Amino acid sequence: MSGDLALTLVWRHGFGGLAGYFDALAEGRILGSRCPECGRTTVPPRGICPVDGAAMAGVALPPTGVVVSVTTGATSRLLGAGVQPFGLVRVTGSDTCLLTRLAMDEGPGDAVVLEPQGAVAHPSQRLVFRRQA
Amino acid sequence: MGPVILGGSQVPFRRYKDGSGFRDWVGLAVAGALADAQVDRREIDAVVVASETDFLSMQVSPGPLLLDDIGMAGVPVVRVEAGGGSGGAALRMAVMHVLSGLARRVLVIGFDQAASHLDAETVRAVYGLSFDADLEGWAGATATMLYALSLQDHMQRFGTTMAEMALVSVKNHGNARANPWAHAPMAVTVAEVLASPMVSTPYRRLDCSLISDGAAALVLAHPDACGRLDRPVTRITGSGCATDAMRLGDRARPGVFEGKRRAAQVAYRMAGITDPIAQIDVAEVYDSYTGAEVQGIEALLLAPEGGAAARLRDGVFGPQGALPVNLSGGLIGQGGVPGATGLAQAIAVSRLLEGRYHAGLQGGREFRRGVIDCHGGLATVNMTHVLERVEG
Numbered sequence: 001m002s003g004d005l006a007l008t009l010v011w012r013h014g015f016g017g018l019a020g021y022f023d024a025l026a027e028g029r030i031l032g033s034r035c036p037e038c039g040r041t042t043v044p045p046r047g048i049c050p051v052d053g054a055a056m057a058g059v060a061l062p063p064t065g066v067v068v069s070v071t072t073g074a075t076s077r078l079l080g081a082g083v084q085p086f087g088l089v090r091v092t093g094s095d096t097c098l099l100t101r102l103a104m105d106e107g108p109g110d111a112v113v114l115e116p117q118g119a120v121a122h123p124s125q126r127l128v129f130r131r132q133a
Numbered sequence: 001m002g003p004v005i006l007g008g009s010q011v012p013f014r015r016y017k018d019g020s021g022f023r024d025w026v027g028l029a030v031a032g033a034l035a036d037a038q039v040d041r042r043e044i045d046a047v048v049v050a051s052e053t054d055f056l057s058m059q060v061s062p063g064p065l066l067l068d069d070i071g072m073a074g075v076p077v078v079r080v081e082a083g084g085g086s087g088g089a090a091l092r093m094a095v096m097h098v099l100s101g102l103a104r105r106v107l108v109i110g111f112d113q114a115a116s117h118l119d120a121e122t123v124r125a126v127y128g129l130s131f132d133a134d135l136e137g138w139a140g141a142t143a144t145m146l147y148a149l150s151l152q153d154h155m156q157r158f159g160t161t162m163a164e165m166a167l168v169s170v171k172n173h174g175n176a177r178a179n180p181w182a183h184a185p186m187a188v189t190v191a192e193v194l195a196s197p198m199v200s201t202p203y204r205r206l207d208c209s210l211i212s213d214g215a216a217a218l219v220l221a222h223p224d225a226c227g228r229l230d231r232p233v234t235r236i237t238g239s240g241c242a243t244d245a246m247r248l249g250d251r252a253r254p255g256v257f258e259g260k261r262r263a264a265q266v267a268y269r270m271a272g273i274t275d276p277i278a279q280i281d282v283a284e285v286y287d288s289y290t291g292a293e294v295q296g297i298e299a300l301l302l303a304p305e306g307g308a309a310a311r312l313r314d315g316v317f318g319p320q321g322a323l324p325v326n327l328s329g330g331l332i333g334q335g336g337v338p339g340a341t342g343l344a345q346a347i348a349v350s351r352l353l354e355g356r357y358h359a360g361l362q363g364g365r366e367f368r369r370g371v372i373d374c375h376g377g378l379a380t381v382n383m384t385h386v387l388e389r390v391e392g
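Residue numbers (the numbering used here), protein chains in the order written: chain E, 1 to 133; chain S, 1 to 392.
What the hints contain is simulated information worked out from the structure, not anything from laboratory work. If you're wondering where the values come from, they're calculated on a predicted model, not measured in any experiment. Please note that the accuracy of each hint is not assured.
As the list claims (entries may be wrong) - Short, incomplete list of chain E residues facing chain S, as computed with Cβ under 8 angstroms: (1) 1; (2) 15; (3) 69; (4) 73; (5) 75; (6) 76; (7) 77; (8) 86; (9) 88; (10) 118; (11) 122; (12) 124.
To be verified - Over the 10 angstroms line for every Cβ pair with chain S, so calculated as not near, a few chain E residues: (13) 37; (14) 47; (15) 57; (16) 66; (17) 104; (18) 113; (19) 116; (20) 130; (21) 131.
Just so you know, even glycine gets a beta-carbon here, dropped at the ideal spot from N, CA and C.
Take these sequences, add in the hints, and give me the full structure.
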């Protein structure tokens with residue numbers, strides 16, 4: 001015997017330390033963090049440097065970068081149906097890469113610029129990079 | 001002196017459509033494990049339960065429920081999870097129980113109802129949350145996307161190709177043909193793998209492991225609490241666990257499983273292994289994707305960095321090779337049950353060491369030492385165990 005059970009869950013989710021990063025994305029800005037000890041710069045921002053454990057300071061970075069790699073496939077239903085490209089982008093001035101949705105057919109080596117999206121189910125979905133004109 | 005695997009069993013990994021559920025599968029696996037171990041359930045003094053997430057079972061705190069089901073209420077139980085490596089984490093927890101003196105005989109149970117419970121799109125969304133949920137999962141990325149980006153770095157860094165990755169699919173689906181517990185036994189060719197539908201570039205459907213339903217269980221004992229067994233048994237001589245940066249973009253070399261390498265080094269050091277290629281005879285490697293097996297073999301130091309694909313081409317990791325990898329079929333062939341995979345690996349390798357695995361896979365060969373490896377996330381939390389045969 002088997003049957004379908006349905007349960008709808010609605011979370012009241014706090015974004016904590018990521019709130020500023022997500023707010024900045026909505027305005028087309030990128031916030032990162034920089035370690036005062038080793039100078040390592042990361043995006044998204046983080047509180048503790050993974051290299052030496054020092055407290056990192058917030059830093060504004062340009063909303064530009066270069067595509068490192070791209071994969072195109074069916075996205076999670078959390079974003080909505082459809083096949084879309086995601087990739088790793090090295091944001092200008094950052095020592096790390098950012099996993100991001102890409103606008104269309106960007107490829108490795110392309111210079112890209114942040115094109116923030118509105119009306120999203122989760123603020124991380126604002127993050128989209130498009131090839132620079 | 002490491003703990004001894006007295007015995008173990010599993011149900012076939014499948015997509016069960018017969019109305020059965022994880023409580024049924026656990027009951028069968030436990031009964032089989034106790035019988036194989038020649039142990040009465042009253043001789044068990046601790047239980048470790050693994051399952052990946054309650055999203056899959058819709059049963060919060062399954063440990064005491066399962067103990068009640070199998071007539072073991074009253075026995076201490078702890079539940080562990082580490083994504084797809086949950087079974088390996090449970091095995092490590094059982095090792096800790098025995099080595100610490102907390103327990104003499106530990107029953108380890110792993111299960112998940114991963115295939116038949118939720119539709120595929122929902123499972124894809126849930127698994128996306130096993131990465132950084134706020135920054136990756138909710139953004140819409142999937143596990144396959146992240147593995148694909150990792151593999152691209154490996155391909156660029158070492159010149160590996162998808163035709164080489166396809167050899168993993170051919171091998172593991174092929175091995176599964178001799179494994180009655182396997183979910184996906186198939187005779188496939190490299191051309192068929194390369195022509196299968198695209199999932200997330202460059203990964204195609206036949207590069208991806210299946211998500212399966214099932215359960216596995218085994219009994220671990222202190223060497224002084226083994227009783228008399230009429231066959232060789234297996235001892236766990238090394239256990240390692242290590243983590244990597246959570247987000248792929250934070251890793252200096254996204255295609256190299258650095259956390260897995262660290263876990264292996266810990267396990268090898270504990271087991272006294274100084275030359276894994278020469279000293280390991282057989283391995284079960286976490287092949288959630290074809291590329292993950294290649295990346296995993298290298299991280300486990302069973303091939304030089306960038307050198308696993310060439311050895312794969314040469315048949316080194318095939319069923320008749322010098323170092324068979326995933327004789328069970330692995331996740332690609334046997335199926336992937338996150339809570340049970342690590343235990344199924346232990347069952348496969350322990351039986352291979354004891355000379356009593358499925359006949360078509362044992363093939364009359366003798367193995368002395370094996371390694372099992374599983375992980376959660378993108379090789380983010382890694383568990384490595386070294387197993388060795390001891391005479392009964």
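Okay, the hints, checked on the actual structure:
1. 1: holds (5 angstroms)
2. 15: Check passed: Cβ of residue 15 of chain E comes within 7 angstroms of chain S, closer than 8 angstroms.
3. 69: holds (5 angstroms)
4. 73: holds (3 angstroms)
5. 75: With a minimum Cβ separation of about 4 angstroms from chain S (threshold 8 angstroms), the hint on residue 75 of chain E holds.
6. 76: holds (4 angstroms)
7. 77: Hint holds; residue 77 of chain E Cβ to chain S Cβ min 5 angstroms, cut 8 angstroms.
8. 86: holds (5 angstroms)
9. 88: holds (5 angstroms)
10. 118: violated (15 angstroms)
11. 122: Holds. Min distance 4 angstroms.
12. 124: At 4 angstroms from the nearest chain S Cβ, residue 124 of chain E passes the 8 angstroms test, so the hint holds.
13. 37: holds (17 angstroms)
14. 47: holds (14 angstroms)
15. 57: Correct as stated: the minimum Cβ-Cβ distance to chain S is 18 angstroms, above 10 angstroms.
16. 66: Correct as stated: the minimum Cβ-Cβ distance to chain S is 13 angstroms, above 10 angstroms.
17. 104: holds (14 angstroms)
18. 113: The claim holds: residue 113 of chain E sits with its nearest Cβ about 18 angstroms from chain S, beyond 10 angstroms.
19. 116: Correct as stated: the minimum Cβ-Cβ distance to chain S is 13 angstroms, above 10 angstroms.
20. 130: holds (16 angstroms)
21. 131: It holds; residue 131 of chain E is separated from chain S by about 18 angstroms at its closest Cβ, greater than 10 angstroms.
When each numbered hint is compared with the structure, a violation occurs for hint 10 only.
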